[in-house]
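K.L.:
Listed below, chain by chain, are the residues.
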Amino acid sequence: MSQFQKEIVQAVLIADNNVWNFKPLSDEGSTALLPLVNVSMLDYALIALNRSGVEEVFVYASLYLQDIREHIKQGIATYASWSFMMTVHVIGGEGCRCFGDAMRDLDAKALIRGNFILLGADTVTNANLRPVLEQHKRTAKLDKGTAATLVFKECASSATERTGNELLIAVDKQNARLHYHQRLRLNHNESRYQIPLNVFLSNSCVTLHHNLLDPQIAIGSPSMLSLFSDNFDFQTRDDFVRGLLINEELLDSRIYVAMLPPAQYAHKVNNWLSYQLVSRDIISRWAYPLVPDMGVYKLQQQYVFNKDNIYKSHDANVSKVALQENVVVHASSHVDAGSTISSSVIGANCCIGKNCHLNNVFLMANVTVNDNCQLRHCVIGSDAIINQNCSITAGCVLGAKCILPANTKLTNTLVTSSPSTQRTEEHEMVELEALGTYAYIISDLTTGDPDDSDADENLMPPSKTLCIPKMCELQPLAKDDSDCSYSSDEDDAGESRLATPLPDDTNIFLWEVIDSLTRGFREKSNPDFLILEINSSRYAYNMSLKEVNFNVVKAIFGMQSIVEPANGNVMVAINAALKQLGPVVANYIKSEDAMLDCLKALEDISAENELVLEKISQVVHYLYDKDFVSEDAILAWYEQLDIKEHITLRQSLAKLVTWLNQSSEDDDDDDDDDDDDDDADDK
Amino acid sequence: MSSCEFQAIVLTAGRGTRLPEVLGDAPKCLLPVGPYPLIWYPLNLLSKHNFTEVIVVVLEQDKLEIQLALERTPLKLKIDYATVPSDSDFGTADSLRYIYDKIKSDFLVVSCDIVSNVSLYPLINKFRADDASLALLLFKSGFESDVVMPGPKTKHKPERDIIGIHPATQRLAFVFAASDCEDTLNIQRHLLKNKGQLDVYGRLMDAHIYVLKKWVIGYLHRKENISTFKGEFLPHLIKRQQARRSKKVGQDTISDLNVVTKPEDNILHYVTHTALDEKLTQTSLFNQSLSHNPYHGDVVRCFAIQAPKESIGVRVNTTLSFLAINRKLAGIWNELCGETHPLIAPGAVVKSTQTKEIIVADNAKLSEKTSLSSSVFGSNCVVNPKNIVSNSIIMSNAIVEEGCNINNCIIGHRAHVQSGSVLSNCLIGPNYVVEEGTKVQAVHLSNADQYMEIDIQ
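Chains A and B, in that order, give the protein sequences.
The opening residue of the first sequence carries number 1 in this note's numbering; numbering runs sequentially from there.
The opening residue of the second sequence carries number 1 in this note's numbering; numbering runs sequentially from there.
Read the hints as simulated data drawn from the structure, not as lab findings.
Any given hint might turn out to be false.
Restricting the straight-line Cα-Cα distance to at most 25 Å, the calculated cross-link-like pairs of lysine to any residue (SDA-like) are [unchecked claim]:
1. B:193 to A:648
2. B:193 to A:205
3. B:309 to A:205
4. B:239 to A:205
5. B:140 to A:201
6. B:193 to A:418
7. B:365 to B:435
8. B:193 to A:207
9. B:126 to B:69
10. B:239 to A:541
11. B:193 to A:238
12. A:173 to B:203
All of these numbers come straight from a predicted model, not from anything done at the bench.
Model the full structure from these sequences, guided by the hints.
P.N.:
Here's what the structure looks like:
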């Protein structure tokens, strides 16, 4: 009887992704409702589904469920362009803490009857997903274990900044089956990719794709939901992919891959950088017909489209204003004479004063910018007020209702309107630095605390929260063939350099210690066990105590998190590492001699690690502060540093040493001194 | 000689370490494959592509024997024998370096163990079109996959290469031997960065047919520590595709390791790439990508061509492939060589009436009342009446007495199978006498001490 029933196309939209990345605006409302070129992201996703002929959509939300419900209701009431031929249900609840929970909940509710389209609410695409759905059905017919088809989009070379959506995958050339899946790191620093040999040996031809973007679109089989239910440890879609690839046979499920045709656009907005990129793409009409003048969301003309991609609302007052290219100005906004605006989006009812310069600025509704402000690469939340002569640059985000005092200069900071919006759960209360009565700086540390595994950073592995990509100047097609363009003799040298350090015992020992420490740091294991481990390695390789001291310190600084610190902030990384591993170091660095070894190791490290060399005085001072090394040891070490060879080292340490000398002269009340000089040092 | 575009070099100094069971004392390149010695096949391939002169690199001790054998075959090639000393353990790269003086133009290097009917023109044209430094040919492997290795059951582990090719341009990104890798394959980022997409093949076989620029031999000559071509030089050359001309040209440059590098060490010193060439590439409208310089500005360029799926290609370098090619040869003979070569030599005496796909060499005597199929019979071998021989190789001077049943076996030179034996999946070494009524399967019988594994059930 079911054959007479028409199979309807269903889709699932997951809202509330990447909440961490959109701080502080995500504290004030659902990220799905965040306006992107004056239309909320959820609407883009719904339109995409509507265009693909989807008939029933389940929007899954956890936070701000009510807001989303309201938005959908309002959309239907005002005949939003997606509301035709498509029913939208909003489901979800507070209990859902990750993508996996949402899938399990959907499975329990048994709302999905067949193959379905799975989309993030933050995906902007003009792609027609029906062909992909058909492809999925065909594969499912051939292979009963088809769990999902992931949809990817080829992008240009890796010229632009990474947004966390870039992938390396290995796909079978014959049947498009996924064999390997790796998300590329944000900071472009892979020098090589390690891919299991079996991927290549067990398949006759595997294509490696390195130029892919993951727009977070997938076609799921009904079995996808039950797989989530069976494997309760699947938290994200990446977990699902990884789990299936590892246990292919056990779970008897396979994942396939589909590529979008070159003419179709798809991108995921998962952080401010991609927000900037996608805004640019929408304004420059790559996402056509999802462009401002096509009446996205509301079926009426809201803008006049002028040349150079300038979209101006009829009732916006922007006379005598230099609108350079790629600008959207929404209704009732007012810009005074003498201002220049380029590559920016102005929300409804904004008011911009005289002689302002706006470049890559995204204003939400009702923002007031007073005279003579310089704004570049920033996002200003709704109802915010920026007073005269402010300069806001490079990745700043102002929350809603912030009021910036006049003459404020900000770079790379997040500002929120009240200190209480910080949702710090049982963590130590973080005192927010105040800029004014309605402006508080959220420091990077609090937003990026890696062990604060907040519920809603759904699709981002926690390790990445430390360095959320921010808005910045985009390099126009950077010609960086720097790392492969060595002349061949250098290449030769590189080879021999790799070849020369024979894996002698010291090196193996060092690597083992690094391994132990990295693992211990990650898993937060008991320092005593780590000491045991290191000691057993020590006896295995017959290391003298001196060598052990030296190598343990070297290993600490050789850990991945310090060699490649997030945000380039090595002090934060060292602090984090030593907080955990301090007892291990303290166990070895006890005597004056050991301290000297420790400092010598530091000397070695500074030769290898630029970042440490830059901050060497701070590092030494930190070690001194935490009582790892004594004053005498530092002075003795400083004395024996070769004047010629370590000239930079000596220079950067000179100040610290003078201070140490001073403080040793007047030994009393050194506590106060300490603090003062500490500040001086930091500056 | 210098007037021709390509010189051809056939390397035959290999010792056949992977087929000790059938080799006996003859050089590997004279192994019988159907009616001709192995070396005839690559030479014939070259001759079909209108090569008239070929340099054959031989071991000094084997020169006469090979010369004699080739004179007996219908080949219209002028062969220039270049000898390498027998006592030295020369690798393929060493051999090429040894005959350095003879190479006057771009050249083809062909291994002596390739049996194929593939057309080399696509390969050569790719080489010409892209002004390549190296172009190589890849075959689909698995020719011998349906043949069971005779002898005791061993874990047959074929050597496999993992080959990365950029699909749009057929540029080679890497060639790794699978056995050199551990559990993971490390792929350098720059290999992927410019390309975006890379096809990685795990089941293709390098045909050991290479087209090379002349300057490559000069560079090889310099790199004295490289001894094998496939194993060391090829990966080295492929890696050097990323080489860039350094800013300082000419003078000895001192790299940051304080190692003095002479310009002769640099591969680019050898590449004949003049300023004019540089300008030509820059101004040329020819470009395979929209956003980059042609070839990303690479001067050293390596390409790989895949042979069409229906073409035949097998490297006879293991006992298994030796058996496979011989068994299948009669079936594929027309495709491989055309009809001009008779499969049953004029001097052979074939009285049997039940024959199917057999190849018989001169003076072989196949008696009546025998059933013979998919087998090869060497010269002077004798098969008496009432025998069944299938899927086997009977080497020269071997004798099979009455009433035997031989299936999937290799009977060595001068071996003697006495009457009533039933052999299946067996290797019979040279000169071995199989006693009357022996019934064995999957064993290796030989006179050599190390192979004394006789257990008669």
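K.L.:
Each hint needs a verdict: does it hold in this structure or not?
P.N.:
Going through the hints against the structure:
no.: 1; hint: B:193 to A:648; in the structure: violated (36 Å)
no.: 2; hint: B:193 to A:205; in the structure: holds (20 Å)
no.: 3; hint: B:309 to A:205; in the structure: holds (14 Å)
no.: 4; hint: B:239 to A:205; in the structure: holds (22 Å)
no.: 5; hint: B:140 to A:201; in the structure: holds (14 Å)
no.: 6; hint: B:193 to A:418; in the structure: violated (45 Å)
no.: 7; hint: B:365 to B:435; in the structure: holds (21 Å)
no.: 8; hint: B:193 to A:207; in the structure: holds (14 Å)
no.: 9; hint: B:126 to B:69; in the structure: violated (35 Å)
no.: 10; hint: B:239 to A:541; in the structure: violated (36 Å)
no.: 11; hint: B:193 to A:238; in the structure: holds (23 Å)
no.: 12; hint: A:173 to B:203; in the structure: holds (13 Å)
The structure fails hints 1, 6, 9, 10 (numbered hints given earlier, in ascending order).
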